[in-house]
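2 protein chains.
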Amino acid sequence: MAELKNDRFLRALMREPVDITPVWMMRQAGRYLPEYRETRAKAGSFLDLCKNPELACEVTLQPLERFPLDAAILFSDILTIPDAMGLGLYFGEGEGPKFERPVRDKGAIHALGVPDPEDDLGYVMDAVRTIRRALNGRVPLIGFSGSPWTLATYMVEGGSTKNFALSKGMMFDRPDLMHTLLDKLADAVTRYLNAQIAAGAQAVMIFDTWGGTLTPRDYKEFSLAYMQRIVAGLTRESEGRKVPSILFTKGGGQWLEAMAETGADALGLDWTTDIGEARARVGDKVALQGNLDPCTLYASPESIRRAVGDILESYGKGSGHVFNLGHGIHPEIPPEHAAAMVEAVHELSGPYHE
Amino acid sequence: MAELKNDRFLRALMREPVDITPVWMMRQAGRYLPEYRETRAKAGSFLDLCKNPELACEVTLQPLERFPLDAAILFSDILTIPDAMGLGLYFGEGEGPKFERPVRDKGAIHALGVPDPEDDLGYVMDAVRTIRRALNGRVPLIGFSGSPWTLATYMVEGGSTKNFALSKGMMFDRPDLMHTLLDKLADAVTRYLNAQIAAGAQAVMIFDTWGGTLTPRDYKEFSLAYMQRIVAGLTRESEGRKVPSILFTKGGGQWLEAMAETGADALGLDWTTDIGEARARVGDKVALQGNLDPCTLYASPESIRRAVGDILESYGKGSGHVFNLGHGIHPEIPPEHAAAMVEAVHELSGPYHE
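Protein chains in written order, with the numbering used here: chain Z, 920 to 1273; chain A, 920 to 1273.
There's no promise every hint is true.
One copy or any two copies: either way a pair holds, since identical chains are not told apart in the list.
Cut-off 30 Å, straight-line C-alpha distance, at most; resulting in silico cross-link-like pairs (DSS-like, lysine-lysine) [to be verified]: (1) K1139 with K1204; (2) K1204 with K924; (3) K1169 with K1081; (4) K961 with K1204.
Everything labelled a hint here was simulated from the structure, so no lab data went into it.
Using the sequences and the hints, build the whole thing.
Below you can see the structure in the form of structure tokens.
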């Protein structure tokens, strides 16, 4: 593998000194980029794009051609694991993800196997290898997975949900069944992330999109406990370097102390928490990643620059901060506004690292 | 006015001793009740129902006929104020609320007047008077309004929004304009709530549905400051009794300390905060209302009872707790499950008030 030319991102995650604050954006390879929409059209469906390592590599690299980002993230979907478990993932026209065969009872849950990453999700591992070759050491590559709880909600509901009727219904009435499902998912995610690391991922992130819809008690029992088990099972070093892990629970600002106890190297923050206060709460246990309100990018480049400055100031001096949005970039954002954010992070952060 | 026969709800909001914990449900008059759907069909549209004091009274009382609730809440919509400001509220078939004339620039915002509650929103005041007569002192009647920030998002977007592109865009780029709008809305809400109190509302609640989508700094500047001004301007006493006020910011669990400083008598809590921890954080400054995950009502009556018991135990001994869901009841909930919740609150809470 080529030597890493820009390791700011990995260093910040390990709270080692950096020259300026590293930055990337959740969903940086996505619909707000016209070149992404072109590749996507060429691929066919969204799922065809995810399953084509060459095209997944192409879109992964697109934002790096536009902006001086400090990390690349594997282009994929969080629902690859349930798909590999045989649930039949598909995307209806203009709809969110759906499963042909949701799992809603004991029989269906007990029948689920844990996928073998190279055999059953080889297209993801091929994408990781292809992207690493194409990156040629330019910046590190982030691998990722959905959290067990987040995956379970889709698997039980049969797709996206607003009200969590079936998944929380199962959690409340049949916690034993939900735990059986989460247990299998924790094993599957651990193997999946370790396979991504073996294939070349240099950091991994767990996206807990729906953990924030739980009560504090249910969050700890049904989401955090399984993420902690995954973190404990991760390959800690690869290519002679630490492989940092990042936990992100959307809406998890009230639970940062508990999240910091999992052994993860960094926590993703959404924008509802002040990053300086978050830093005071977690101390030197973890690095922090975030946390610009993605809506800020609707505003003018001047307003964006001011908002970036506020976050850098709130975090304050020293390493341990990876700049990011507090959630994925919206599809309507003009790419120049994303550019203004990236530029502002690099230009304004120097003094905090002197 | 008839003497109040059950004042548990008002006493708990003032942190005065009660025999058992009072309980009501956000959206208790709503689609989960077949009798509501019947009245709604009779009325015509949802807006016709809101604007008909007799039918609004009918649906307000329906849940009280089924469950031994300790409060009634005016049946209305948070968007009555912008409608009275001339924005032209309508509800498309199967769609959320929309405005014919959204306000998106200086001219439109400066042209807005502050509605006179009796002249421009007389149907709401008539509904309050009608409901009070029909209640005949059975339980107290809660009046309510949306928060200025929440109303502003609908007024600028022209309806519901997921991404807040225009409203947050204005907030970031033209904070002066957004403040002009919020200023008018704070005046309008204060007059509106005071008119409801004059008409017979015995407690008032401000619903800040979208404050939780802001950063901590923006929340304080663009939402909380205006709610504080409203609270300061509220009529404090009516019919020889205190009129308590309740602030509810969905997703505001991180900001309870600041909310408790506004002078409001109580805070509404969603389910992402442990109510016992919330009590420790706000001390004896405010009462707390909440906070069962509304999804709990998808589960069995036994699971519901257990979850109610957990919340009562977490809050602990003494007054200052009004039991409620952490958000509105979902339309799919079987009424028997709501009954199980109400029954459990009354049956299990006695020991906490001995």
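Consistency of the hints with the structure:
1. K1139 with K1204: both (19 Å within a copy, 29 Å between copies)
2. K1204 with K924: within (27 Å within a copy, 55 Å between copies)
3. K1169 with K1081: both (15 Å within a copy, 15 Å between copies)
4. K961 with K1204: Cα proximity of K961 and K1204: none, with 45 Å in one copy and 60 Å across.
This entry does not satisfy hint 4, going by the numbered hints stated previously; all others are met.
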